[in-house]
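J.: If you want the building blocks of each chain, they are given just below.
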Amino acid sequence: MKFGVMKPHRRRKLFLILFLLVVSGSSVGLTLMALRENINLFYSPAEIVSGTAPVNKLIRAGGMVLEDSIFRSENNLEVRFIVTDMQDSEFTIFYNGILPDLFREGQGVVARGSLNEDGVFLAEEVLAKHDENYMPPEVADVINQAHAEPSK
Amino acid sequence: MIIELGHFSLILALGLSVVLTVIPAWGVQTTNSTLMQCGDSVARGLFFFLVLAFLALCYAFVVDDFSVDYVANNSNSALPIHFKISAVWGAHEGSFLLWTLVLGAWIFAVTLFSRDLSLDMRARVLSVLGLLAFGFTLFSLLTSNPFERSLPVFPQEGNDLNPLLQDFGLIVHPPMLYIGYVGFAVPFALAIATLWSGRLDMAWARWSRPWTNIAWAFLTVGITLGSWWAYYELGWGGWWFWDAVENASFMPWLVGTALIHSLASTEKRAVFKTWTVLLAISAFALSLLGGFLVRSGVLTSVHAFAQDPQRGMYILVFLIIIVGGSLVLYAVRAQGIKSNTIFSWSSREAMILVNNLLLVVATAVVLLGTLYPLAYEAATGGNKLSVGPPYFNAVFVPVMVILFLFMAVSQRSRWKNTKREVLLKKQVIYVIGSAVTATLLIVFLASFKPYVLLIVTIAFWISLNLLENILQRVKRRHWQWSAVFTQSLSYYGMLLGHLGMVIMMIGICCTVYYSVERDVRMVPGDELALGGYQFKFVGVQKINGPNYASDQAEIIVTYKGKEVAALFPEKRLYTARGSLMTEADIDPGIFRDLYVALGEPLAQGAWAVRIQVKPFVRWIWIGGLLSALGGFIAVGDKRYRRLRRQDAVDLPQNLSA
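Top line first, the protein sequences correspond to chains G and V.
Sequential numbering from 1 applies to the first sequence in our numbering.
Sequential numbering from 153 applies to the second sequence in our numbering.
Rather than coming from a laboratory, the hints here were simulated on the basis of the structure.
Everything numeric in this text was worked out from a predicted model, so none of it was measured.
Backbone N, C-alpha and C define an ideal beta-carbon position, used for all residues, glycine too.
There's no promise every hint is true.
What the hints assert, rightly or not - Capping the alpha-carbon separation at 25 Å, the derived lysine-lysine pairs in BS3-like fashion look like this:
| # | chain 1 | residue 1 | chain 2 | residue 2 |
| --- | --- | --- | --- | --- |
| 1 | G | K13 | V | K568 |
| 2 | V | K578 | V | K490 |
| 3 | V | K790 | V | K688 |
| 4 | V | K571 | G | K13 |
| 5 | G | K13 | V | K490 |
| 6 | V | K601 | V | K568 |
| 7 | V | K420 | V | K627 |
| 8 | V | K790 | V | K712 |
| 9 | V | K627 | V | K490 |
Claimed, not checked - Rough simulated footprint, nothing fancy, chain G against chain V, three-plus residues with beta-carbon under 8 Å:
| # | segment |
| --- | --- |
| 10 | 172-186 |
| 11 | 270-278 |
| 12 | 642-651 |
| 13 | 671-678 |
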């Protein structure tokens with residue numbers, strides 16, 4: 001059927017359908033774009049040490065806080081500590097702010113932030129949980145995997 | 153002994169739930185009214201035994217019976233009595249028992265307040281609810297039995313309740329939330345009963361409305377309290393985190409809000425019938441999904457209960473059976489039901505359609521963000537990711553802004569068709585007036601921010617339209633101002649519901665854009681200027697609570713040289729678990745909160761301190777509670793009782809359906 005001979009109400013319907021398609025299509029597209037820009041992938045200490053993790057991109061990383069590795073600044077809230085997978089991969093996290101109550105040595109942590117060129121993780125946020133018996137699933141995985149495939 | 157009675161009661165409740173599922177349904181199939189009638193007494197028996205089970209668990213907590221594993225893990229003899237009782241729902245097993253008890257209470261309420269529902273419909277509703285009760289009770293007994301004992305050797309002292317939960321918030325937040333969550337089971341059961349009977353008529357919508365309203369209102373209270381609790385206890389001043397479990401409660405709320413609106417149009421105008429049924433099913437399905445997310449531990453969340461794949465699997469299977477079954481029934485029965493009602497694009501029906509579409513889109517957006525990490529993990533074989541709050545803010549907020557624009561316009565819409573002049577009269581003046589007032593307020597009292605201007609303008613514009621709505625009612629009564637006070641309760645409920653959202657909207661945007669926050673290292677004597685206030689760190693002293701030892705700081709706040717508040721934030725060490733807790737101190741106010749929290753002790757007597765000034769943050773919760781109040785008020789409308797009596801005359805025609 002030629003467009004020109006369409007009856008007016010059909011043409012209106014066609015426009016409505018086209019309009020809805022464009023609107024819904026573009027909103028789905030925008031939503032997916034927003035989603036892609038805001039997902040934070042999780043990387044284990046091994047991946048960070050080996051250089052698999054991207055540099056200067058917002059990611060999440062975590063493991064166990066190494067004993068005796070917490071160093072605080074004398075005059076502000078800067079702190080750095082080492083996170084390990086309990087085998088032989090470890091990296092340094094740098095953070096400026098208040099650490100959560102459940103943060104302590106030997107405890108699992110997950111941090112959100114980015115990795116700089118020197119392999120130091122600059123955390124914007126350090127997460128801990130409600131419950132001291134609760135291990136973040138990411139960290140539990142990290143420990144288990146590191147145990148399953150010992151150092152090469 | 154009492155514990156065993158509790159356990160036994162739960163088993164009896166399971167048995168009764170089977171009877172409740174089977175007998176009334178059988179009665180319906182065989183048109184046997186005796187069998188249909190026995191649903192009521194079985195349902196009450198079920199509730200009775202659930203209450204007994206719950207009381208038995210409460211008793212175990214009160215008398216410190218640490219031979220019960222659940223009590224030993226979540227209580228302590230030094231715990232104050234009110235926390236001992238709220239500790240009953242402080243962890244997975246007990247909170248699920250509460251969940252089941254709440255379902256029992258709703259079933260009991262159905263037997264009380266549905267005497268006018270036709271016999272076969274009541275039997276169907278109770279049968280569906282019985283099936284749900286069966287699923288929950290069986291889950292409790294199989295995977296999360298709170299009555300399990302460790303005998304003969306048991307701990308002499310309990311492990312104590314998680315300190316974060318030793319708070320007023322735990323006493324009120326979970327029960328309110330569960331009453332709301334589980335409350336959607338009633339509209340769900342009504343929807344299923346309707347599909348089952350094949351009588352998808354307006355009476356169904358009329359029936360569902362008060363139940364939906366009240367469940368929605370409780371859920372609103374629950375979510376609002378949760379946000380408030382997080383703010384002062386856990387969040388370091390945050391009030392919403394887009395946490396997976398928050399989302400799990402928020403999605404049923406969004407769909408529930410859509411359902412309230414579409415039920416109105418189905419009742420009044422017989423439109424969107426099948427759509428409304430689908431919403432009722434979705435609201436409850438999302439509640440169940442929330443249960444799954446919270447209790448399976450599949451997602452990283454502050455709410456994560458102990459992880460147990462078996463529990464997750466059980467709920468997942470239950471979810472699939474219930475939702476799958478409902479959707480199949482829907483597909484078979486909803487076909488061929490058509491609304492022949494005509495409405496124009498300016499009618500209230502059309503506005504409600506827009507409302508529903510936007511709310512469903514918003515739900516889909518939240519659902520996508522919540523489940524995406526799960527899907528990603530499944531697709532990539534274990535890689536983890538998280539979806540950050542920026543995603544939710546970027547996508548959810550614009551949808552809400554459009555929704556609120558429509559909220560302003562739709563206040564004047566009429567059923568079937570709205571005359572152009574009614575819809576548009578004075579609207580331009582209103583918009584300009586709102587924008588000018590908003591600009592003046594913002595520029596003189598704060599600082600100019602385009603988004604704040606947009607939101608506050610919309611808020612004023614909606615408020616003007618709410619006033620216009622009232623004025624039109626007065627006009628229809630020939631300007632008798634007494635008309636303001638003689639409207640129906642559901643009308644006041646509607647006004648209050650929308651007004652609450654307006655207040656919340658102002659609160660959210662002012663808090664987001666005008667809050668100031670600093671994390672600083674302070675030694676006694678240090679001062680910090682923030683948001684016009686002067687915060688002086690006086691010092692820290694040791695104090696002792698019933699089951700904790702605490703470092704309590706003193707911070708004096710002055711404004712233009714005058715003291716406004718002395719704040720005492722604490723860092724507590726709960727002795728039984730050895731766990732640290734931050735107890736913030738807040739000077740609350742209608743227009744601003746002053747919020748201080750202690751971080752960690754640092755070298756040389758210094759402390760890490762977080763100081764915040766949060767304008768209008770209370771408006772978020774005041775708005776939420778007002779909206780909920782609107783929901784409660786609407787339920788009290790005489791109309792529902794009157795209509796019910798008519799239904800009772802109309803309905804019992806085709807019992808054989």
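J.: A separate judgement is required for each hint: does it hold in the structure or not?
T.: Now for the hints, and whether the structure bears them out:
Proximity of K13 of chain G to K568 of chain V is assessed by CA-CA distance (about 20 Å); at most 25 Å being required, the pair is judged to hold. Of the supplied pair hints, the one linking K578 of chain V and K490 of chain V is violated, its CA atoms being roughly 37 Å apart against a limit of 25 Å. Simply put, K790 of chain V and K688 of chain V have alpha-carbon atoms about 56 Å apart, too far for the 25 Å limit, and the pair is violated. Among the hinted pairs, K571 of chain V with K13 of chain G is consistent with the structure: their alpha-carbon atoms are about 23 Å apart, no more than 25 Å.
Between K13 of chain G and K490 of chain V, the direct Cα distance comes to roughly 20 Å. Compliance with the 25 Å bound is thereby established for this hinted pair. Taking the CA atoms of K601 of chain V and K568 of chain V, the gap is near 40 Å; set against the 25 Å cutoff, the hint is violated. A distance of roughly 23 Å separates the Cα atoms of K420 of chain V and K627 of chain V; the hinted pair therefore holds under the 25 Å criterion. For a cut-off of 25 Å, the pair hint linking K790 of chain V to K712 of chain V is broken: about 54 Å separates their Cα positions.
Distance restraint check for K627 of chain V and K490 of chain V: the Cα-Cα separation of roughly 36 Å exceeds the 25 Å cut-off, and the hinted pair is therefore not satisfied. For a cut-off of 8 Å, the count of residues in the segment 172-186 of chain V with a CB near a CB of chain G stands at 0, and the three-residue condition is violated. Given a C-beta distance limit of less than 8 Å, the hint that chain G covers the segment 270-278 of chain V is violated, as 0 residues qualify and 3 are needed. Chain G is given as covering the segment 642-651 of chain V, and this is violated because 0 residues of the stretch bring a CB closer than 8 Å to a CB of that chain, at least three being needed.
Proximity of the segment 671-678 of chain V to chain G, defined as three or more residues with a beta carbon under 8 Å from a beta carbon of that chain, is established by the 3 residues found.
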